[in-house]
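> Now for the letters of each chain:
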Amino acid sequence: MDTDASADQRELLDVSRRFMENSCPLRAVRDGVWRDGSFAASYRRQGAELGWFSMFVPESLGGGSISGNGALDAALIAYHRGRGLQPGSFVGTNVVAAALAAAGSDELRAAVLPALISGEASASWAATSSGGGGRVENGVHATSRADGSFELHGKKAAVQDIDPSTWLLVTCGTADGPMQSLVPADAAGVSVTPLASLDLTRRFAEVAFDGVHVPATAVVGEPGTCGALIERQRAIACTLIAAEMVGAMDQDFETTVQYAKDRIAFGRPIGSFQGLKHQLADTSLALEMSKAIAVAAARTVGTDGDEHGPQAASMAKAFVSEAGIDLVQTCFQVYGGIGYTWEHDQHLFLRRITMDAGLFGDGAWHREHLCQLAGL
Amino acid sequence: MTDTQMDVDQFRAEARAWITSNLERRPAGADAEARGVRTDEEIVAARALQRRLFDAGFAGITYPAEYGGRGLTAAHERAFREESADFVMPDFGAVGGVTVGPIGRSLLEHGSPEFLQWHIPRILSGETIWCQFYSEPEAGSDLAGIRTRATRDGDQWLLNGSKIWSTGAFHANWAMCLARTDWDAPKHRGLTWFAVPTNAPGLTIRPITQINGTAEFCEEFLDEVVVTDADIIGEVNHGWSVTQTMLVYERGAGESGVSLMEPRELAPDLVELARRGGRTDDPAIRQAIARAHVADYAQFHLGARIAARLRSASTPDPAVAAYSKLARGVYTPLRARAAIEIGGSDALTWPEGDDAGQRPAIDYLNGRIVSIAAGSNEMQRNGIGERVLGLPREPSFDSSIPFNEVLRKSRGWNGRVG
Chain A
92 MDTDASADQR
102 ELLDVSRRFM
112 ENSCPLRAVR
122 DGVWRDGSFA
132 ASYRRQGAEL
142 GWFSMFVPES
152 LGGGSISGNG
162 ALDAALIAYH
172 RGRGLQPGSF
182 VGTNVVAAAL
192 AAAGSDELRA
202 AVLPALISGE
212 ASASWAATSS
222 GGGGRVENGV
232 HATSRADGSF
242 ELHGKKAAVQ
252 DIDPSTWLLV
262 TCGTADGPMQ
272 SLVPADAAGV
282 SVTPLASLDL
292 TRRFAEVAFD
302 GVHVPATAVV
312 GEPGTCGALI
322 ERQRAIACTL
332 IAAEMVGAMD
342 QDFETTVQYA
352 KDRIAFGRPI
362 GSFQGLKHQL
372 ADTSLALEMS
382 KAIAVAAART
392 VGTDGDEHGP
402 QAASMAKAFV
412 SEAGIDLVQT
422 CFQVYGGIGY
432 TWEHDQHLFL
442 RRITMDAGLF
452 GDGAWHREHL
462 CQLAGL
Chain B
15 MTDTQMDVDQ
25 FRAEARAWIT
35 SNLERRPAGA
45 DAEARGVRTD
55 EEIVAARALQ
65 RRLFDAGFAG
75 ITYPAEYGGR
85 GLTAAHERAF
95 REESADFVMP
105 DFGAVGGVTV
115 GPIGRSLLEH
125 GSPEFLQWHI
135 PRILSGETIW
145 CQFYSEPEAG
155 SDLAGIRTRA
165 TRDGDQWLLN
175 GSKIWSTGAF
185 HANWAMCLAR
195 TDWDAPKHRG
205 LTWFAVPTNA
215 PGLTIRPITQ
225 INGTAEFCEE
235 FLDEVVVTDA
245 DIIGEVNHGW
255 SVTQTMLVYE
265 RGAGESGVSL
275 MEPRELAPDL
285 VELARRGGRT
295 DDPAIRQAIA
305 RAHVADYAQF
315 HLGARIAARL
325 RSASTPDPAV
335 AAYSKLARGV
345 YTPLRARAAI
355 EIGGSDALTW
365 PEGDDAGQRP
375 AIDYLNGRIV
385 SIAAGSNEMQ
395 RNGIGERVLG
405 LPREPSFDSS
415 IPFNEVLRKS
425 RGWNGRVG
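As given, the protein sequences belong to chains A and B, one line each in that order. For the first sequence, position 76 (counting from the first letter as 1) is numbered 167 according to this note's numbering, and the numbering increases by one without interruption. For the second sequence, position 347 (counting from the first letter as 1) is numbered 361 according to this note's numbering, and the numbering increases by one without interruption.
Keep in mind the hints are simulated off the structure, nothing from the lab. The structure displayed is predicted, hence computed values, not measured ones. Errors might be hidden in some of the hints.
With the C-beta cut set under 10 Å, the calculated list includes, among others, these residues of chain A facing chain B [claimed, not checked]: (1) F410; (2) A414; (3) C462.
The C-beta atom is built at its ideal place from N, Cα and C for all residues, glycine as well.
Can you build the whole structure from these sequences, using the hints too?
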């Protein structure tokens with residue numbers, strides 16, 4: 092995806108790519124082996140050994156990245172994850188690790204960060220609420236108690252890949268503005284209801300919070316003062332999802348182009364007809380622009396102190412979300428009837444990419460967000 | 015200078031020192047010129063200023079030193095452009111970009127050393143301006159189908175035919191002209207490029223009035239125009255390989271993209287239009303502004319990506335450059351249309367003589383230049399589809415038979431192959 096990747100970055104990527112191909116090829120994804128808890132834990136630990144969850148954590152806290160730009164390194168991994176429609180909470184664990192490194196209490200960091208970095212535990216950002224969109228504080232409300240702790244009430248939707256060892260970063264509303272806290276998925280008052288989803292390669296759940304107690308040490312962003320932190324988390328989430336989408340798009344497009352060369356109709360390969368050729372060329376352009384914008388976002392988000400990160404990430408998410416859906420729809424059309432069969436992999440890409448397009452804000456949401464970030 | 019390549023920072027410092035003590039600052043608020051065409055007086059001034067840059071060693075920064083350039087890299091050129099951004103620079107209008115872009119680059123790759131020694135220093139010093147005699151009334155996107163004829167006449171050549179869509183030809187001293195030298199060869203194999211002086215007897219240049227009321231382009235009539243072997247660029251009948259080079263630069267694959275700077279600020283022109291009409295609260299307008307901005311940003315980064323791909327390839331592939339061209343061809347008309355929608359009546363009407371006020375309307379009228387010129391969007395799609403993605407070609411009716419026969423057979427075309 093990144094034409095300027097260094098030799099070190101390429102080497103890390105190669106190892107990660109081989110790990111994904113060997114441990115969880117598309118066939119295994121389709122068969123749902125990742126739904127098995129012990130597989131998921133082993134997959135996560137092996138990914139962690141390859142540095143998958145340390146990239147947004149500074150070295151002083153036990154993290155680190157190959158190139159020094161953690162967002163870019165993570166986006167390159169994400170791209171390959173997307174190509175293979177890889178399961179697991181890669182985006183969520185990295186977002187939560189970044190948030191803890193930036194704003195967690197010492198106690199919380201000591202308790203959780205090593206487990207996330209080593210893959211012993213995963214994390215998920217409970218951001219989405221019914222109706223979706225990017226308003227991450229919606230759905231759950233916190234009330235403060237006299238001792239400085241909080242109580243959570245409400246529901247989050249489409250929270251990804253929760254198992255009992257998962258840490259949930261819950262963004263919620265308070266009377267003083269948004270706040271965040273880190274809650275174990277098996278905490279008292281938390282109930283997780285698995286949902287069916289369009290995407291068949293990951294698990295999503297509704298999470299209800301019924302008077303969940305949050306000690307002051309579990310707060311990751313105080314009420315009313317964590318706007319910038321939330322922007323940063325959203326930027327990381329959108330950058331990594333955009334990169335995963337681009338990987339999935341690239342893979343789906345490659346196989347579709349091959350099909351257009353192989354499939355014969357009216358005595359010619361169908362890809363020789365301008366009616367298809369031009370659609371594929373337009374799609375290829377949108378894909379190249381998606382790669383370019385996703386890399387630009389990763390570079391920008393990963394540059395410390397760069398205030399342009401949220402804009403770059405929103406632009407990438409806005410562009411790639413629409414280009415992604417356009418792409419899977421075009422590929423579907425090129426495949427024709429075979430693409431409508433369960434056996435064919437096309438629908439796995441269609442499902443995953445469409446799901447990603449809606450997570451953490453769709454194109455329209457991010458365009459509006461860009462206007463707001465610009466003060467319009 | 016080429017042997018021990020100067021460090022970019024050192025060059026930047028040298029450039030800054032010269033620029034600040036030799037060039038005038040641009041008046042505040044002076045925006046990029048919307049008109050592509052310059053007056054005769056502006057061209058005279060541009061030539062004089064170009065001469066000063068040339069004498070100081072700041073013309074043709076990436077051109078070879080033996081031909082009067084500086085022999086440095088694109089990074090040096092970028093540094094110079096950044097340092098000179100706030101200063102008055104030589105401004106020839108669109109024809110200036112054509113001269114040092116597609117034409118200059120193609121000459122460097124295909125001209126003989128004697129040819130280059132004579133022509134390139136004159137280009138870099140502002141003495142000569144070049145224009146393109148490529149398209150014809152009956153061949154545009156199908157450039158290999160041109161019909162201007164070059165006929166051997168003793169030790170010289172006679173050019174006959176007509177050309178069209180040459181940017182700023184009325185300011186040019188020379189033209190790079192594509193002509194057919196072998197009518198019995200297939201279309202791509204009988205073409206030759208010539209350098210033609212625009213004051214040659216038998217050459218008539220006429221401006222074309224465009225839909226925006228200006229005349230940036232010209233049409234030409236060549237009636238027994240005499241050129242010599244010394245004017246040939248590349249080899250006789252092998253002109254198509256020169257064309258391949260030319261098209262890479264023509265499609266904007268070099269450093270000259272839509273924008274030199276990463277577009278970080280939310281589409282300022284569109285926000286201004288929305289503000290003027292009091293429509294910044296309208297969700298549809300906000301979506302349109304942000305959509306255009308995201309597309310600008312994606313296009314900018316696509317340009318950088320494509321430029322990197324072309325730099326790393328041993329031979330630049332025009333089909334890769336087609337991505338940048340297609341992006342501009344698709345997004346430019348969309349953006350122009352968005353401005354009309356965002357501005358509403360303010361974009362459709364404006365006070366007489368208000369240059370800024372007419373900008374959205376002019377952009378709208380000009381929006382399809384880039385989707386048609388230098389190979390239409392459809393040509394770029396074919397190029398990407400066939401040369402990058404490797405999709406099978408459409409059946410071809412004209413590429414393997416003598417060009418003479420193509421014209422004859424096309425009149426009775428019935429869609430049957432063979």
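> Does each hint hold? Answer for all of them.
Checked hints:
Satisfaction of the interface hint for F410(A) is found here, the shortest Cβ-Cβ separation to chain B being roughly 5 Å, below the 10 Å cut-off. The closest approach between the C-beta of A414(A) and any C-beta of chain B is roughly 9 Å, which is under the 10 Å cut-off, so the hint is satisfied. With a least beta-carbon distance of about 5 Å to chain B, the hint placing C462(A) at the interface is held under the 10 Å criterion.
Every hint, counting from the list given before, is met by this structure.
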